[in-house]
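Chains as they are written, first to last, in our numbering: chain F, 1 to 261; chain U, 1 to 261; chain G, 1 to 261; chain C, 1 to 261.
No lab work stands behind these hints, which were simulated from the structure alone. Be careful, since some hints might not be right.
Derived SDA-like pairs: lysine to any residue, alpha-carbon spacing no greater than 20 Å straight-line [said to hold, decoys possible]:
#1 U:Lys254 x F:Tyr150
#2 F:Lys16 x U:Lys254
#3 U:Lys16 x F:Gly259
#4 G:Lys254 x C:Lys16
#5 U:Lys251 x F:Ile23
#6 G:Lys16 x G:Gly30
#7 C:Lys251 x G:Gln15
For clarity, every value in this text was computed on a predicted model and none was experimentally measured.
Protein chains: 4
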Amino acid sequence: MTIRVTVWGENVHEQKSEVVAGIYPDGMHGCIAAALNRAEGIEAGTTTLQDPEHGMTAERLAQTDVLIWWGHAAHGEVADAVVERVTEAVWSGMGVIFLHSAHFSKPFKRLMGTPCNLTWREAGERERLWLTSRNHPIAAGLPDHFELEYEEMYGEPFGVPEPLETVFVSWFQGGEVFRSGLTWKRGAGNVFYFRPGHETYPTYHDANVQRVLQNAVRWAHNPARRIADPTAAPNVPVETALEPITERGPKLHKAGEEGLR
Amino acid sequence: MTIRVTVWGENVHEQKSEVVAGIYPDGMHGCIAAALNRAEGIEAGTTTLQDPEHGMTAERLAQTDVLIWWGHAAHGEVADAVVERVTEAVWSGMGVIFLHSAHFSKPFKRLMGTPCNLTWREAGERERLWLTSRNHPIAAGLPDHFELEYEEMYGEPFGVPEPLETVFVSWFQGGEVFRSGLTWKRGAGNVFYFRPGHETYPTYHDANVQRVLQNAVRWAHNPARRIADPTAAPNVPVETALEPITERGPKLHKAGEEGLR
Amino acid sequence: MTIRVTVWGENVHEQKSEVVAGIYPDGMHGCIAAALNRAEGIEAGTTTLQDPEHGMTAERLAQTDVLIWWGHAAHGEVADAVVERVTEAVWSGMGVIFLHSAHFSKPFKRLMGTPCNLTWREAGERERLWLTSRNHPIAAGLPDHFELEYEEMYGEPFGVPEPLETVFVSWFQGGEVFRSGLTWKRGAGNVFYFRPGHETYPTYHDANVQRVLQNAVRWAHNPARRIADPTAAPNVPVETALEPITERGPKLHKAGEEGLR
Amino acid sequence: MTIRVTVWGENVHEQKSEVVAGIYPDGMHGCIAAALNRAEGIEAGTTTLQDPEHGMTAERLAQTDVLIWWGHAAHGEVADAVVERVTEAVWSGMGVIFLHSAHFSKPFKRLMGTPCNLTWREAGERERLWLTSRNHPIAAGLPDHFELEYEEMYGEPFGVPEPLETVFVSWFQGGEVFRSGLTWKRGAGNVFYFRPGHETYPTYHDANVQRVLQNAVRWAHNPARRIADPTAAPNVPVETALEPITERGPKLHKAGEEGLR
Numbered sequence: 001m002t003i004r005v006t007v008w009g010e011n012v013h014e015q016k017s018e019v020v021a022g023i024y025p026d027g028m029h030g031c032i033a034a035a036l037n038r039a040e041g042i043e044a045g046t047t048t049l050q051d052p053e054h055g056m057t058a059e060r061l062a063q064t065d066v067l068i069w070w071g072h073a074a075h076g077e078v079a080d081a082v083v084e085r086v087t088e089a090v091w092s093g094m095g096v097i098f099l100h101s102a103h104f105s106k107p108f109k110r111l112m113g114t115p116c117n118l119t120w121r122e123a124g125e126r127e128r129l130w131l132t133s134r135n136h137p138i139a140a141g142l143p144d145h146f147e148l149e150y151e152e153m154y155g156e157p158f159g160v161p162e163p164l165e166t167v168f169v170s171w172f173q174g175g176e177v178f179r180s181g182l183t184w185k186r187g188a189g190n191v192f193y194f195r196p197g198h199e200t201y202p203t204y205h206d207a208n209v210q211r212v213l214q215n216a217v218r219w220a221h222n223p224a225r226r227i228a229d230p231t232a233a234p235n236v237p238v239e240t241a242l243e244p245i246t247e248r249g250p251k252l253h254k255a256g257e258e259g260l261r
Numbered sequence: 001m002t003i004r005v006t007v008w009g010e011n012v013h014e015q016k017s018e019v020v021a022g023i024y025p026d027g028m029h030g031c032i033a034a035a036l037n038r039a040e041g042i043e044a045g046t047t048t049l050q051d052p053e054h055g056m057t058a059e060r061l062a063q064t065d066v067l068i069w070w071g072h073a074a075h076g077e078v079a080d081a082v083v084e085r086v087t088e089a090v091w092s093g094m095g096v097i098f099l100h101s102a103h104f105s106k107p108f109k110r111l112m113g114t115p116c117n118l119t120w121r122e123a124g125e126r127e128r129l130w131l132t133s134r135n136h137p138i139a140a141g142l143p144d145h146f147e148l149e150y151e152e153m154y155g156e157p158f159g160v161p162e163p164l165e166t167v168f169v170s171w172f173q174g175g176e177v178f179r180s181g182l183t184w185k186r187g188a189g190n191v192f193y194f195r196p197g198h199e200t201y202p203t204y205h206d207a208n209v210q211r212v213l214q215n216a217v218r219w220a221h222n223p224a225r226r227i228a229d230p231t232a233a234p235n236v237p238v239e240t241a242l243e244p245i246t247e248r249g250p251k252l253h254k255a256g257e258e259g260l261r
Numbered sequence: 001m002t003i004r005v006t007v008w009g010e011n012v013h014e015q016k017s018e019v020v021a022g023i024y025p026d027g028m029h030g031c032i033a034a035a036l037n038r039a040e041g042i043e044a045g046t047t048t049l050q051d052p053e054h055g056m057t058a059e060r061l062a063q064t065d066v067l068i069w070w071g072h073a074a075h076g077e078v079a080d081a082v083v084e085r086v087t088e089a090v091w092s093g094m095g096v097i098f099l100h101s102a103h104f105s106k107p108f109k110r111l112m113g114t115p116c117n118l119t120w121r122e123a124g125e126r127e128r129l130w131l132t133s134r135n136h137p138i139a140a141g142l143p144d145h146f147e148l149e150y151e152e153m154y155g156e157p158f159g160v161p162e163p164l165e166t167v168f169v170s171w172f173q174g175g176e177v178f179r180s181g182l183t184w185k186r187g188a189g190n191v192f193y194f195r196p197g198h199e200t201y202p203t204y205h206d207a208n209v210q211r212v213l214q215n216a217v218r219w220a221h222n223p224a225r226r227i228a229d230p231t232a233a234p235n236v237p238v239e240t241a242l243e244p245i246t247e248r249g250p251k252l253h254k255a256g257e258e259g260l261r
Numbered sequence: 001m002t003i004r005v006t007v008w009g010e011n012v013h014e015q016k017s018e019v020v021a022g023i024y025p026d027g028m029h030g031c032i033a034a035a036l037n038r039a040e041g042i043e044a045g046t047t048t049l050q051d052p053e054h055g056m057t058a059e060r061l062a063q064t065d066v067l068i069w070w071g072h073a074a075h076g077e078v079a080d081a082v083v084e085r086v087t088e089a090v091w092s093g094m095g096v097i098f099l100h101s102a103h104f105s106k107p108f109k110r111l112m113g114t115p116c117n118l119t120w121r122e123a124g125e126r127e128r129l130w131l132t133s134r135n136h137p138i139a140a141g142l143p144d145h146f147e148l149e150y151e152e153m154y155g156e157p158f159g160v161p162e163p164l165e166t167v168f169v170s171w172f173q174g175g176e177v178f179r180s181g182l183t184w185k186r187g188a189g190n191v192f193y194f195r196p197g198h199e200t201y202p203t204y205h206d207a208n209v210q211r212v213l214q215n216a217v218r219w220a221h222n223p224a225r226r227i228a229d230p231t232a233a234p235n236v237p238v239e240t241a242l243e244p245i246t247e248r249g250p251k252l253h254k255a256g257e258e259g260l261r
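Work out the full structure, taking the sequences as your base and the hints as a guide.
Pasting the structure below:
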């Protein structure tokens, strides 16, 4: 079964910055999608902020098994209606991977319910990622640590909920650490945050980073049929209760009435 | 040290329903606050939806160590600005307890990042709560199980994130189960969800339920000084890095520039 | 890739009790293995307590991707050396599924580090399992709830560590609840506990239970190469440190010395 | 209420190594206990490996609210019966804090159910601990990071179960990281692991480390009455079932019979 991936790229710095355009002539999203398409069983396409509805139409989301999100300069330009649509797709079972500065993207903050803040420094320093969960599927084929010679620093405390699992922790040359690979589940959707990927460095050309992304796509993919209405809160009538009960006591709701929301 | 509690009551059915007004002549919030005020070291007041800014002013939140929230009929009438203010107060360290139908309240959904849905039936059936985390502080002084003869049924699957701890699981006469006591941390704030409390039954007059609420207030209270700006994402200049590093590589940000959000 | 499963059966009551022998003429292990062999991509064999080394030789464990363990009457007869071997296999990456009364088996208690106790009643009462984690892979193809008309009751509090995920919670006719599907990771190995399966009832002939077991095998399987020495604690010599450091300060260990254990 | 702490010291290197004896003339346990006794509401004593039953008699454990354990050279000399006694005391509600090389102590490995392994280097390098859970009670009064100029390196992957919470992560000068403050619950007992404390450096004289230990004692303390028999698995007779049920189906156990273990 092929896993259908959509890589969402903000695509702003690629247009404005010669440095970024030089490293990523096809956009960061294009580089990431190409890396995924080299993996067996993954078929990746791209959409960007500039597309109608940012490319995140209901149809596209329905055909996306795993969404990858990279944004930085224009989080505020993402329409709230699109954020809700993406969020509901995750709840219904779509996997999602947030990269680097997407820690402050609207869908990530929406799914976490926390500030998602951190400290940062753009100095081209060395980052070394350490595996903290041995043989985790997201680390398949990777050594216990790998390095990125040039990266932006992100430092703790990272304002996210306790994860299901901490998969990677980063060491930075300037003295900070960061939990750089974390998993959660939201509704029926698997969520992975992966830290590296500052736009002025060639991070997404790195073989180990590409391997993490391929692994993470496979991990995040939930082959179960999507939940049709992930926010439904159905009433269970007394007549159809699994054990026979008799209605009693004072009531607020009339028979067949919808619940309050 | 006295723990300052604010009980937020929606106060709608108390005004509209004779049944509810009969059980809770001082409002559900009044009943809950009175029960808390009988406990040593807790000082509880109330505010309601109908108060200016729903009583949730910045001043009030700053003086609230633990907030308790009950709502049902009027979730949609809670102003979004108030929801954000409450959410930031939790992130800064305020404890919060959501009761019963507050599973669909705006602040709870905001903090969870999930649908928070469930199944339900209003039939006055028996609920029995079982302790699943032995000697948990929220269960202090309680037996391994206790009953509520009349309650609304809530059934699994409950659309919340995996909790830090599952403290109670409920058995229902009609055949369902529900994780009825769950803990999370959001930012610096402790969060507890407690299931019982349908407005047409005398649940908050129950001694065991009152005991849970008193315990939960003590558990949720974080005596640490509130975080002044819980969403700050400060830049760490190269010059003040903890280990000496030299800036290198291409840059996006100019010196002293604020981060992008 | 075929997943190689070994079903370990205690095989005591099948020999002593006519009731059990009547329900499971090939043993409970035989019934479970047959059900797994009907699933695509799974190849299951069996071993029992009575086999030399209980069938849990190093060779057998090396060729087992996922181990399933059922025991009840003879936990104490399992040799401690075998328990350690099984435990190390899990740490190296073998998946393991513990069934029903195996909550008190030596390997389960060894992996949990807790009492693993519960309350119980053998009265042939109805059990209803509810899904608590929507679209979890272990629940693939299953409805939100399913019933077993005759089962032994297990009640909370269940003395296990907080799980990674709670997948199922059971309702019992006599008034108890139980977290009946729980996941953990131990070393590189995935662990699943599944409650149903009292030997005097035909539980493992039930289609939904068989489906859970097939799903759980796929979930527990970690395709990564086994960790050769899962307890190694290697010294990292100063000369090979990833960042250049100079040895300094007083020392306890001589160069090249093994760590203390 | 005063929290009664027992600091268990291995007390081997203090006797054999002049370096260690010079830093800790009263033993490491003596230094730690003295630091705790300077805190309000804590009363700390010590016992050592050399005491009869290593000082861990049933009486002593019954009077210990929180146990602190430091060992390194002589893990193997700790009697298995004492390990079981300590483990049961934790299950019954005693808090426990494991320090540094106690990651390989028998009681820690027993409670974790995992290898508890790591990588290490004794080179007197700089360690910097970062807070990862804002306003966590174990970090009360501490800055977001603090340094130890001379420490032994411990590196990931650290072979422990996913914790309830990750409180601290360490940065090491030589390039490694380590999750150096982790919490779990085992039975009714709170467990904290804290990494620093190599015996040839003055770590336990450090004010920040002492603060962590004082905080951790308060966090680990569970004021609830100890569970008398933390491994009991009581039968619930049909006659006393909370909901009326009729016994049916084939049986294994006779009435009043003890469960199998």
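Hints, one by one, checked against the model:
no., hint, result
1, U:Lys254 x F:Tyr150, "holds (17 Å)"
2, F:Lys16 x U:Lys254, "holds (15 Å)"
3, U:Lys16 x F:Gly259, "holds (17 Å)"
4, G:Lys254 x C:Lys16, "holds (15 Å)"
5, U:Lys251 x F:Ile23, "holds (13 Å)"
6, G:Lys16 x G:Gly30, "holds (16 Å)"
7, C:Lys251 x G:Gln15, "holds (15 Å)"
This entry satisfies every hint, going by the numbered hints stated previously.
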